[in-house]
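Number of protein chains: 2
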Amino acid sequence: MPQQWPTVTYKEEGMREGMQIEDANITVDDKIELLDMLSETGLSSIVVGSFVSPKWTPQMERIDEIVQRFTPKPGVTYSALALNSRGVERARAYSPPLTIERDKYPRLSCHLCDVFVRRNTNRTQMQEMERWPEIIAQAQEVGIKESGIGCNASWGSNFLGEFPVDSLMTLLEYQHGLWDEAGIKVVSCSMGDPMSHCTPAKVEESVTRVKERWPEINHFRLHLHNGRNMAIASAYAAMRVLGPEDTLELDGTIGGYGGCPYCGNGRATGMAPTEDLLHMMDDMGIPTGVDIDKLIDCVWAAERIIGRELYGHVSKAGPRPRTVDKLYDINMPFVETMGQALHFKKGSEVYEGGIYPYREPITSPYRDRIDQGLPAFGTGANEFPWNQDWLPKADS
Amino acid sequence: MPQQWPTVTYKEEGMREGMQIEDANITVDDKIELLDMLSETGLSSIVVGSFVSPKWTPQMERIDEIVQRFTPKPGVTYSALALNSRGVERARAYSPPLTIERDKYPRLSCHLCDVFVRRNTNRTQMQEMERWPEIIAQAQEVGIKESGIGCNASWGSNFLGEFPVDSLMTLLEYQHGLWDEAGIKVVSCSMGDPMSHCTPAKVEESVTRVKERWPEINHFRLHLHNGRNMAIASAYAAMRVLGPEDTLELDGTIGGYGGCPYCGNGRATGMAPTEDLLHMMDDMGIPTGVDIDKLIDCVWAAERIIGRELYGHVSKAGPRPRTVDKLYDINMPFVETMGQALHFKKGSEVYEGGIYPYREPITSPYRDRIDQGLPAFGTGANEFPWNQDWLPKADS
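Quick mapping for you: the protein sequence lines, in order, are chains A and B.
Heads up: the first sequence at position 90 corresponds to 90 in the numbering used here, and the numbers run straight through without jumps.
All you need for the numbering used here is the position in the second sequence, starting with 1, plus 1000.
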């Protein structure tokens, strides 16, 4: 049963979602070094930072220098967040290399939580809704044929509690009705989660209901925060109910850092760790184009720059070894500490001298087969151990 | 579409999987304090440690003292790991309070990876298989009617690479055939993952195929490690393909610590953080009986005792607030640091003096409704903001 997965596109948010909640004194040089490393990983979409008020976000005060001095990699889309026309104007001065971040579709969207939108952007929910007629009128004016609907704080809020999926659907239904009246097709749906209220069950239910209600929607965007460790499971839940006709846009950050000062969780907010999420996609056969090993270098660099350990896992245990050159030594000694675990990148020196408890060296007929280029197990039952002459027979 | 979830039972492995890879000098007093705290959380099944050779696992050298001195809570099942008859004998001296850990069903099981079983238990895969005829004979002798099949290192190995689900199914098929020959029904299937090769896609495929092949199997056990951050997503993937007729047994550790020195990942191995996984189940409506707040106290205690930060998330950002008394202050100042984020437990003192960027205090008609005991949103479309007189109308 090979599952037919959707096309997944991924946007790396570490330089924006990550850096905006870290120390404002991190140097421009350090940030440029990290950004340039990210460019070499194969990531196709990277947010470089945001053009926002340096008064409230001093971490982004020197974004101009970063954009001027980093080394754009051909083929990579670089974008920056801007929350108002002043920010967009500032960003436009650097395009190219920046792509001025535009939604592919004109979109009606608002927050289900009126507190967060006010705290984060100093606007009200009603101000968000007030823009909808204008967005529709502009779309009609230029003859746009396809549009989007969307919601932020889709599943709950730290200030208002849980939102049932029914509320989300009611909001989307209303937006869809407005596009219907305008005679413009809706093909895209965006769901944001700034306060980490996503769960895989709710994301799966939401995506499923949107698809059932409006089968012509085949483009989904999920911006999931990870304060309750649900972002990866939620992303998987979305992938599994989408099909090859669908596109899923996901965001996350190397190491899983990130957050904002407005949501109430600060640095404990986080996003899905890019390296863990993309490594999962590798395993599922969803193309990412990203070199996990280089991504791990970026995580280690980010940890050095921000001065604390991040919570992503693949950077600590290493990727699942799947090729002969990556398999662990079957006679390696005890590996106990986090430092010793880094042998996957640093080599056997880091665990040398560890306890070796075996009287006889370990041997493995399976590993012998693999070293000869064969699979560990054959494909038929008759190739399994109980029928292999290279394994001892049971006495009984 | 309320999903019908399986019954889920949960076993806390922190005192065993966690402590076995931490400093051997952690005191008995500290361990007993943590164990007694765990007993008060509502967890129904707790592993207290293991009876193994103190030569290779000095962390468990003083397990006898712990078992003698901890305070058993009525209704909680306490168990201990033993890998051989000597260990079982030692554990039996403390029963009660210990329940000698027995599988509910006689089970045929072995590792797909012959290297790990040798490294971990100094036995060979063939020695595991050699026991099968004896297990079947004993089951027949005492007239047992229901049995289990099982596999460890089910999806891959750090020493042999990835195993396709086909290999797992071939092994299970063979075991099932042996029970069939003996005329004993198979109702349970166990899948272990000591080397963190699980992914949600593979777990979902495996559980689905077992259920399709043998519909009478309605009892599943998953022991998932988390070195690649896939344990929670994999547990969710299993829950969603099981139904109310099924039982799913899951294991994990507070904070997500744990591992063994044999797998090659040491402390970077980990398991699903109990607090994050059970909080997800709370949200899904799967009963856990566990007080997440008390569980977070345990995580903090564990971090103090082992002297490092763990990677679970709910202990840092706090649970999703869902009741009026837990909702955040809508006029709270900036929350930036990990320390400030702990306000959910430590109170507003931890963020006092933070930046407050708003000229006018934030107000929220939704929050007013909630404070009055109403839902934020009504259930009908006509109760939504655009039809509410308590929200300003759009100008347009």
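Read the hints as simulated data drawn from the structure, not as lab findings.
Please note that a few of the clues may not be correct.
[To be verified] Using 20 Å as the maximum straight-line C-alpha spacing, the simulated DMTMM-like pairs for lysine to aspartate or glutamate come out as follows:
hint, chain 1, residue 1, chain 2, residue 2
1, B, Lys1145, B, Glu1216
2, B, Lys1185, B, Glu1212
3, B, Lys1104, B, Asp1064
4, A, Lys294, A, Glu245
5, A, Lys55, B, Glu1134
6, B, Lys1326, B, Glu1360
7, B, Lys1326, A, Glu162
8, B, Lys1145, B, Glu1089
9, B, Lys1073, B, Glu1040
10, B, Lys1055, A, Glu162
11, A, Lys326, B, Glu1162
12, B, Lys1104, B, Glu1134
[Claimed, not checked] Listed next, the stretches of chain B that the computed footprint assigns to chain A, with coverage defined by at least 3 CB atoms under 8 Å from CB atoms of chain A:
hint, region
13, 1154-1160
14, 1274-1281
[Stated by the list, open to error] Computed beta-carbon distance windows for the label pairs:
hint, chain 1, residue 1, chain 2, residue 2, range
15, B, Pro1244, A, Gly285, 25 to 33 Å
16, A, Thr27, B, Gly1353, 42 to 50 Å
17, B, Lys1326, A, Ile26, 44 to 52 Å
18, A, Gln68, B, Gly1378, 48 to 56 Å
19, A, Lys326, B, Glu1309, 22 to 30 Å
20, A, Asp329, B, Asp1166, 49 to 57 Å
21, A, Gly285, B, Leu1374, 45 to 53 Å
22, A, Val350, B, Ala1093, 50 to 58 Å
Yeah, the Cβ is synthetic: ideal placement off N, Cα and C, and Gly gets one too.
So, going through the hints one by one against the coordinates:
1. Only pairs whose Cα atoms come within 20 Å are accepted, and Lys1145/B paired with Glu1216/B is accepted, the gap being roughly 13 Å.
2. About 16 Å separates the Cα atoms of Lys1185/B and Glu1212/B, which keeps this hinted pair within 20 Å; it holds.
3. Pair hint Lys1104/B plus Asp1064/B does not hold up; C-alpha atoms about 25 Å apart against a cutoff of 20 Å.
4. Only pairs whose Cα atoms come within 20 Å are accepted, and Lys294/A paired with Glu245/A is rejected, the gap being roughly 31 Å.
5. Proposed proximity of Lys55/A and Glu1134/B is contradicted: the alpha carbons are some 74 Å apart, above 20 Å.
6. Of the pairs offered as hints, the one joining Lys1326/B and Glu1360/B is violated, with about 24 Å between alpha carbons and a cut-off of 20 Å exceeded.
7. The hinted pair formed by Lys1326/B and Glu162/A meets the criterion: a straight-line CA distance of about 12 Å does not exceed 20 Å.
8. Simply put, Lys1145/B and Glu1089/B have alpha-carbon atoms about 27 Å apart, too far for the 20 Å limit, and the pair is violated.
9. Our distance criterion of 20 Å between C-alpha atoms is met by Lys1073/B and Glu1040/B, whose separation comes to about 8 Å.
10. Restraint check for Lys1055/B and Glu162/A: the C-alpha separation of about 51 Å exceeds 20 Å, so the hint is violated.
11. Restraint check: the Cα-Cα separation between Lys326/A and Glu1162/B comes to about 12 Å, which is no more than 20 Å; the hinted pair holds.
12. The hinted pair formed by Lys1104/B and Glu1134/B meets the criterion: a straight-line CA distance of about 17 Å does not exceed 20 Å.
13. Counting residues of the region 1154-1160 of chain B whose CB lies closer than 8 Å to any CB of chain A gives 4, so the stated coverage by that chain holds, three being the minimum.
14. Residues of the region 1274-1281 of chain B lying with their CB closer than 8 Å to a CB of chain A number 3, which satisfies the three-residue condition for coverage.
15. The hinted range of 25 to 33 Å is satisfied by Pro1244/B and Gly285/A, whose Cβ atoms lie roughly 32 Å apart.
16. A C-beta distance of roughly 27 Å is found between Thr27/A and Gly1353/B, which places it outside the suggested range of 42 to 50 Å.
17. At roughly 34 Å, the beta carbons of Lys1326/B and Ile26/A sit outside the given window of 44 to 52 Å.
18. Checking the proposed 48 to 56 Å range against Gln68/A and Gly1378/B shows it holds: the Cβ atoms sit about 51 Å from each other.
19. A hinted range of 22 to 30 Å holds for the C-beta pair Lys326/A and Glu1309/B, which are about 29 Å apart.
20. About 27 Å separates the C-beta atoms of Asp329/A and Asp1166/B, a value inconsistent with the hinted range of 49 to 57 Å.
21. With their beta carbons about 48 Å apart, Gly285/A and Leu1374/B fall inside the hinted range of 45 to 53 Å.
22. Range check, Val350/A to Ala1093/B: Cβ separation about 40 Å, and the 50 to 58 Å hint is violated.
The structure shown violates the earlier hints numbered 3, 4, 5, 6, 8, 10, 16, 17, 20, 22.
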